[in-house]
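Residue-level listing of the chains:
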Amino acid sequence: MATQNVLADRRATRAAQARDRARQRDLVLGGGRGPRIAALTALVVLAALWLAPMLWGLATSFKSEGDAVSLPLTLFPESGFTLEQYRNLFAAGNVQMWMFNSLLIAVLVTLFTLVVAAPAAFAMSRMEFRGRAALMVLTVAAIVVPPQLLIVPLFQQMVTLDLVDTYTAVILPQLVAPIIVFVLKRFFDAVPRELDEAARMDGASYWRLFTSVILPLSRPILAAAAIFVFISAWNNYLWPFIITTDPALMTLPVGIPNILDSYGTFYASQLAASMVAAAPMVIVFMLFQRQIVSSVATTGITGK
Amino acid sequence: MSAPTDATARPRSGAAPTTTPPGVGTRLRRRTVDSPLVFLLPFLLVYALFLGWPLLSGLWMSFTDIALNGAGGAFVGADNYTEALGDPMVWRTLGNTFLFTLMTTVPLVVVALTMAVLVHTGLPGQWMWRLSFFLPFLLPVATVALVWDFLYVEDFGLFNSALGFLGMEGLGWLTDEGVAMWSVALTTLWWTVGFNFLLYLAALQSIPDHLYEAAALDGAGAWARLWYVTLPQLRGTTVVVLLLQVLASMKVFDQIYLLTAGGPGDSTRSLLLYIYDVGFTGYRFGYGAAVSYLFLAIVLVIAGLQLWISARRKG
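Listed in order, the protein sequences are those of chains A and B. Here the first sequence stands for residues 361 to 664, numbered as in our numbering. Here the second sequence stands for residues 5 to 319, numbered as in our numbering.
Treat the hints as calculated values from the structure; they're not laboratory data. Worth double-checking, as some hints may not be accurate.
[What the hints assert, rightly or not] If you want the ones that stay clear, here's a sample from chain B, every Cβ over 12 angstroms from chain A, calculated: (1) GLU87; (2) LEU103; (3) VAL121; (4) MET185.
[As the list claims (entries may be wrong)] For the chain B half of the interface with chain A, some residues (derived, Cβ under 7 angstroms), not all of them: (5) PHE43; (6) SER61; (7) GLY62; (8) TRP133; (9) GLY225; (10) ALA226; (11) PHE299.
Heads up, the beta-carbon is just placed ideally off N, CA and C, and yes, glycines get one too.
Between the sequences and the hints, there should be enough to build the whole structure, so can you do that?
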């Protein structure tokens, strides 16, 4: 019974979505066929152009080194596709290690960024204290400072603290994310004050108000912020590249170009390595497309 | 962390306004837990240590001759700054940075807008279009650089093969001084356009239906609707996208470092690459910090200018 209901619901949702799309299409394009065909053609061409580089790289990663560079270029290699490059890559072992590092660092950066940002955003949104306005101004000003311009003094700082080549050094500077504080504060501001007044009347502390009223209501924005921070941390290149010299501590984006120097110009193996580096994000995207899309749209103020 | 957990555990056990007056100890504890400082402490610590401190120590370093290994460190006054202003490489790489910003900003806005407008038509295949346009943005730069490096190879790269197929001469995509910056810009367009695409798509979805309905009543066709309804509604978003894009393009490092390492010649060396070279290859930390601060000043001026312009437009 229950399953049937769920299925029927899902069908109904699908049908409603299709109706919405058709309605939107008619609203934006008018009813005519000409504009519809033109727009669809443009979409297909653009999508093909945007997919081609990755697909070409993917196909080449399954070729032998000889086939990868033989002319004329063909999608289907003479000696067939092979898993050789991937076997060699995983046999060498570095890729698994870097993937572990990337995952560990991205998860910790995401977790700690939220632990640092959410209570601060709450205090700025709900509590009265001296210097609140100044703190807000500083937070917004910090958004404009590109962290890339701090690499020199940050590196010096890590030398002084004797943290070069540690996870700690990779993680700590990445916790500075004023944009996240700003986005969370804006969201908390929009939560109706009647809710906290009721809780305060009941004698709840600010901490309780934060943990049992505000946070549960903020799940969507917390998820959006988490996704955004995770993507940035996973793909961060410059800082991990500067602060790690020990291959055992490198993240995927830093490690992969590094081994390639020793490969020379073996394109198929290079491409296999870069496909492995891309795979986790592609899978995450396939699973959470809608969340990622809305996360970037709401949090998307930093950019590359 | 233990104090807050304490406080949350207590009210949960009994109805909130406590029947017995709280003892001095609990009141004190509650006041500590309820102080803004408890909420702000991690934030203040992290930001003071990893934003405030490097900003200040970097400023100090820029007035010294400190080296990567910590040697030196004597106060040299404004020497680093006067040297930077007379350093032809600072001007060259600043010029390259502006060139890259110009080459990328325009297509990154126009192509993103085109993609978003097309997807907004609600044509079938929504999932596929979003995947194609946005997925590259999620790829690590190592993947992007290696895939495009392979496309750009002169002898057997896809691009030169395609040109050859059309009967045209191949290009030195990453080896010709006149072409390399365009190639880096093209890769950047492919990699990051999805971000602006999503910002535009979100803005498009908030355009109220009645505007289109009114246009339909006036007999507007697809082009007229695009021109008189959609595009005017996107002006505010375009200001934001432009601001973010200019600032993002100015900070370019990753893809240039991996594709060309600043070459051929210095034709693709950006200012951030030069700061890296000076500091981490040339070991001149004081000088690197000084160039960073000049760069920061430029970034702040540009950001301020853009905010001022957008504020004036609104007002």
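Checked hints:
{"no.": "1", "hint": "GLU87", "result": "holds (16 angstroms)"}
{"no.": "2", "hint": "LEU103", "result": "holds (18 angstroms)"}
{"no.": "3", "hint": "VAL121", "result": "violated (8 angstroms)"}
{"no.": "4", "hint": "MET185", "result": "holds (17 angstroms)"}
{"no.": "5", "hint": "PHE43", "result": "holds (4 angstroms)"}
{"no.": "6", "hint": "SER61", "result": "holds (5 angstroms)"}
{"no.": "7", "hint": "GLY62", "result": "holds (3 angstroms)"}
{"no.": "8", "hint": "TRP133", "result": "holds (6 angstroms)"}
{"no.": "9", "hint": "GLY225", "result": "holds (6 angstroms)"}
{"no.": "10", "hint": "ALA226", "result": "holds (4 angstroms)"}
{"no.": "11", "hint": "PHE299", "result": "holds (6 angstroms)"}
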